[in-house]
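Novice: Sequence:
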Amino acid sequence: GFSCRRQAALDAGLQPEGGVVPLVAGEDGWFGERLQARGFRKVFDRSLVATHVAPAQWRSFWAQRVGRGQGTAQMWRQREHNSLVVLVLRTVTQTLINAAGILLLLPAARRAWLLSRLSPCRNQDLLPFFVAGNVEALANLAGIWHGCIEAVRAGDD
Numbered sequence: 011g012f013s014c015r016r017q018a019a020l021d022a023g024l025q026p027e028g029g030v031v032p033l034v035a036g037e038d039g040w041f042g043e044r045l046q047a048r049g050f051r052k053v054f055d056r057s058l059v060a061t062h063v064a065p066a067q068w069r070s071f072w073a074q075r076v077g078r079g080q081g082t083a084q085m086w087r088q089r090e091h092n093s094l095v096v097l098v099l100r101t102v103t104q105t106l107i108n109a110a111g112i113l114l115l116l117p118a119a120r121r122a123w124l125l126s127r128l129s130p131c132r133n134q135d136l137l138p139f140f141v142a143g144n145v146e147a148l149a150n151l152a153g154i155w156h157g158c159i160e161a162v163r164a165g166d167d
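Quick note: the sequence shown uses my numbering, first residue 11, plus one each step.
Hints in this document: simulated from the structure, not taken from any laboratory.
Hints may be right or wrong, so weigh each one.
[Unchecked claim] The calculated DMTMM-like cross-link candidates involving lysine to aspartate or glutamate, where the alpha carbons are at most 20 angstroms apart (straight line), are: (1) K52 x D21; (2) K52 x D38; (3) K52 x E37.
In this text, all values refer to a predicted model and were calculated from it rather than measured experimentally.
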């Protein structure tokens, strides 16, 4: 999270809410960049921690990660001003990258191993991290497709 003076927020155009569709993720980073672009100073205070909780239930975890993916597609379209063609190409490219990462097993296994080194349960967490990482990748991809389809339906290109 962050804080800023009221006038700074007004000068930056307030939090971006999205164009045709409301943003579901990424607006805080975008807002921070808009503040900096208008000459405001950005300071990080690492003593302030914003906790992001991963839901314990698979259904909730899936929904959260789909939302992040949807926000990715929205950022590509609205923040980076990608045309619909570029958005679809990026979505297809991301699909191929994610599919390769899942099918090759090694990237997901490496990620699970690295995360398990940070866990007090170490090797017992290898399989859960492997599964959760792949579920996260699939949910994120489903969200990117959702955001891409949402943009195509909204049109305006």
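Novice: To test your reading of the hints: which numbers does this structure violate?
Specialist: none
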